Amino acid sequence: MKAVYVDLTVDFTPDEAQGYAQIMIVVASADGALVKEELAMIEALMGRSMMHPEMRVDLRNMLEKPPQLSLVMDRLSPIVLKAALRDGILVAAVDGEYDSAEIKILKQIAKAAGVKKAELSALFEWVKAGWEWHKESFEVLDLV
Amino acid sequence: MLPDTVHKLPREERYAYARLLAFMARVDNELTVDEMAMFEQRLGTALLSPRQREMIRSALKTPPPLEECLDGLGAEAGRLALRDATLMAAADGTVDDDEREVLQAIVDHLGLADNSVEKLLDWTVKGAMWMQEGFDLLNTLSE
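Sequence lines, in order, name chains A and B. Under this note's numbering, the first residue of the first sequence is numbered 1, with each subsequent residue one higher. Under this note's numbering, the first residue of the second sequence is numbered 145, with each subsequent residue one higher.
Mixed in with the good hints there might be a few duds.
Said to hold, decoys possible - Between beta-carbon pairs, the in silico distance windows are:
| # | chain 1 | residue 1 | chain 2 | residue 2 | range |
| --- | --- | --- | --- | --- | --- |
| 1 | A | D99 | B | D240 | 36 to 46 Å |
| 2 | A | K135 | B | H253 | 37 to 47 Å |
| 3 | A | G114 | B | E220 | 37 to 47 Å |
| 4 | A | K135 | B | F279 | 13 to 23 Å |
| 5 | A | R75 | B | R195 | 47 to 57 Å |
| 6 | B | H253 | A | S77 | 42 to 52 Å |
| 7 | B | E277 | A | I103 | 21 to 31 Å |
| 8 | B | E212 | A | S70 | 47 to 57 Å |
| 9 | B | R244 | A | Q68 | 47 to 57 Å |
| 10 | A | E136 | B | G218 | 16 to 26 Å |
| 11 | B | H253 | A | W131 | 28 to 38 Å |
| 12 | A | K107 | B | E212 | 42 to 52 Å |
| 13 | B | N259 | A | A33 | 36 to 46 Å |
| 14 | B | E220 | A | S77 | 33 to 43 Å |
Honestly, the hints are just simulated from the structure, not real lab data. Note that the coordinates shown come from a computational prediction; the quantities given were computed from them, not determined experimentally. We treat Cβ as the ideally placed atom computed from N, Cα and C, and that holds for glycine.
Use the sequences and the hints to build the structure in full.
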């Protein structure tokens, strides 16, 4: 088995990592209610990108007042935006359904990243496949 | 990284869960970047307090004995810890004999079926393929 756990987000500069995480916060806050599942997902993604603990504190403080999406996206490269789009879909999906406000934001990110409609659909399909994979673990563990 | 129930466990069990992962990370006496990324990701999912995370990170340097880690885990927490210990063991691309032995010890402690480790390793391989598909998708997106 090939090691795949180191994501490209690990190589982001501190500014890119901050922008990436800010987008996760914007997506999670889009429907007005930040649920624990979304928070756990954001914390997981910040952990996965091995963000410095102090930067995580700054980002947690933004949960109350999310930054403006356009200002964040303006300073990010297409590759960072694409990673943010991929993981933003995961954040949006985590509470069980996509809210229209979340979809709108994801489309904005896709547009800024130059991602086409069919490619965006493929990312949504990928997230769905991941959900199914993850659910299998509960069956294996007899937790359903 | 996906919808999970770890954050719903009682705080003490989340802490015990994380200690078990710290133990697992050090079984083969080396801590790779892959394992560290996985470890940090699972600490995030567990919604541990910053102070607990600091304590857990120090447990990476001097891992507690396995029995001590297992003692703090209830039935659900134990199963989730077993699953994520399997992910940790496989994070660097190989599961060595020492890691397999620890996974089997956890299975025995929890009283699960003998083929549980194999089933979880199969599940882990599927997950690695799914993650790879995610990377491949990113690479093929338009510029």
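Consistency of the hints with the structure:
1. D99/A <-> D240/B: 36 to 46 Å: 44 Å, holds
2. K135/A <-> H253/B: 37 to 47 Å: 25 Å, violated
3. G114/A <-> E220/B: 37 to 47 Å: 43 Å, holds
4. K135/A <-> F279/B: 13 to 23 Å: Once the Cβ atoms are compared, 22 Å apart, the range 13 to 23 Å for F279/B and K135/A holds.
5. R75/A <-> R195/B: 47 to 57 Å: 32 Å, violated
6. H253/B <-> S77/A: 42 to 52 Å: Holds, since H253/B and S77/A (Cβ atoms, about 47 Å apart) stay within the stated range.
7. E277/B <-> I103/A: 21 to 31 Å: 22 Å, holds
8. E212/B <-> S70/A: 47 to 57 Å: 51 Å, holds
9. R244/B <-> Q68/A: 47 to 57 Å: 50 Å, holds
10. E136/A <-> G218/B: 16 to 26 Å: Holds, at about 22 Å.
11. H253/B <-> W131/A: 28 to 38 Å: With a Cβ separation near 29 Å, H253/B and W131/A satisfy 28 to 38 Å, so the hint holds.
12. K107/A <-> E212/B: 42 to 52 Å: Once the Cβ atoms are compared, 50 Å apart, the range 42 to 52 Å for E212/B and K107/A holds.
13. N259/B <-> A33/A: 36 to 46 Å: 42 Å, holds
14. E220/B <-> S77/A: 33 to 43 Å: Since the Cβ atoms of E220/B and S77/A sit about 42 Å apart, the hinted range of 33 to 43 Å holds.
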